[in-house]
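As you go down the protein sequences, you meet chains V and A in turn. Note that the numbering used here has the first sequence beginning at 1, numbered continuously upward. Note that the numbering used here has the second sequence beginning at 260, numbered continuously upward.
Hints are computed from structural coordinates only; laboratory data are not their basis. Be careful, since some hints might not be right.
Residues on chain V that point at chain A, a partial pick, calculated with CB under 7 Å [as the list claims (entries may be wrong)]:
| no. | residue |
| --- | --- |
| 1 | A46 |
| 2 | V66 |
| 3 | A69 |
| 4 | F72 |
| 5 | R187 |
| 6 | P194 |
| 7 | V195 |
| 8 | I206 |
| 9 | A207 |
| 10 | Y241 |
| 11 | V243 |
| 12 | A247 |
| 13 | A252 |
| 14 | V256 |
| 15 | Q259 |
Heads up, the beta-carbon is just placed ideally off N, CA and C, and yes, glycines get one too.
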Amino acid sequence: MQLTSTLAAPAREGRGAHASAHTNGVPRLPDALAQIRALVAKDLLAEWRGRDVVASTGVFALLVLVIFAFAFDLRAESALLVTPGALWVAFAFATTLALGRTMALEAERGTLEGLLLCPASAGTIFFAKLLTNLVFTTALEVVLLPVFAIFFNAPVLHPALFLVVALGTLGLVGTGTLLAAIAAGTRAREILLPVLLFPISVPVLIAAVKATAAVLDAAGSPASGSGLAGVLPWLQLLAGYDVLFAAAGYLAFEYVVEQ
Amino acid sequence: MTPRTDHRLGLAVRVGAPLTALLALASLWADWFYAPQDTVQGPAQRIFYVHVPLAWTAFLAFGVVCVASVAYLVTRRGGWDLLARCAAEVGVVLCTAVLATGMLWGKPVWGTWWTWDARLTSTLVLWLIYVAYVMLRGMVEDRERAARYAAVLGIVGALDIPFIHFAVLWWRTLHPQPVVVRADGPALPPTMLATLMLGLITMTAVFVTLLLLRIRVERAAERLEDAAEGAPALTPIHPQLERPLWTAS
């Protein structure tokens, strides 16, 4: 009820009433922002009521970290070789799970059609979904990073690491949101998503792991000096990937969800 | 989409396939008898004349997938989708052969079947992307929807290639440096270069022939599917069978 009115509100209000939402399929920016806010609020409210996605993926990511601790001998000298990989494997797996869930829920409940009936463009819906997924994964990472720091004795409180995590997550979630929409329309929803997402996001994973290793290295031994110089090319790669694939998702989402 | 197109396709295959076979024989002859023995690598080097053309045609196939995907989303004509689908399948086969021939060469020369070198890794990642592409097509029943999904994936996959290239290149590299396309001209003796060029032409012909064959088969399959949809339900062969055998009681 409230959702419908919020979504329709920008279209009804004031100047250029019906011209606003659907002029050549390109919505005006304030309208799009209001729509994104409403759509994200809807998904967050649904998640707050059920709390399936964040809770289950959080526990899952924790398990991945624990399994890594068993699978590799994490004594001081070898820890730094493995920990960045462990962190990103946990993030990537948990993100895939969360992405698959948010899109599969829409498909299962048949609410995707309702979403598409909203006076919002497909690109707007894509950004709303992207933002929701970003909120979920960020919540996940906020819990996971301290646990990671404790278990693996890693110095994570470094501003550069937050930047690496933010850019890497955006890359995973950006491509993942588009591919999850594709996977949700197939027979094998949750199985297909990692098969599609992981090869495509190989650059993100390599860059994020390498940058994380460089930051942890620099934070671990501040005396060795300019350790952060090695992070920059990876950050550039991540930023370029994020921008290009967010734009590609924005443009391509329309073709994925059209009925 | 017309019988005439089918007729032309059939003609192209009937003319093209024997020509391709002749080219392949000539290429094999050049590979074994015309090209000189490599002094360092020995006979193992001769797989180069198959490996490099395979890699080139695999990339060509993935390029065709990308262009046909864009063309499909713009024009919405089934022919483009058919081209993208068949090129992806042939591309996966060629890419598998690239990886296999690379391993066969790597064992005697590098001393290992596989190493996580930049070019090996990016080829493997590409292979995975297009395997996922073919899998995706198999998991959507609706033809039009499968076409849209696959086109989006085909474009996203192609956009990803430069990122994969640089990420993996900065990660590590060990692969032999290019010997043909270089700033100061090819570093191959003329006979080896000629053999390689013949190999490139041959493999491109193989690619086109496989693609045409695949397109013919797919068109026939689509026609059958359409005919089955339009046709009345099959009547039981045996009058006592009121419903088909395979339905459960």
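Task: Numbers of unmet hints, in rising order - done: 1, 2, 3, 4, 6, 11, 12 and 15
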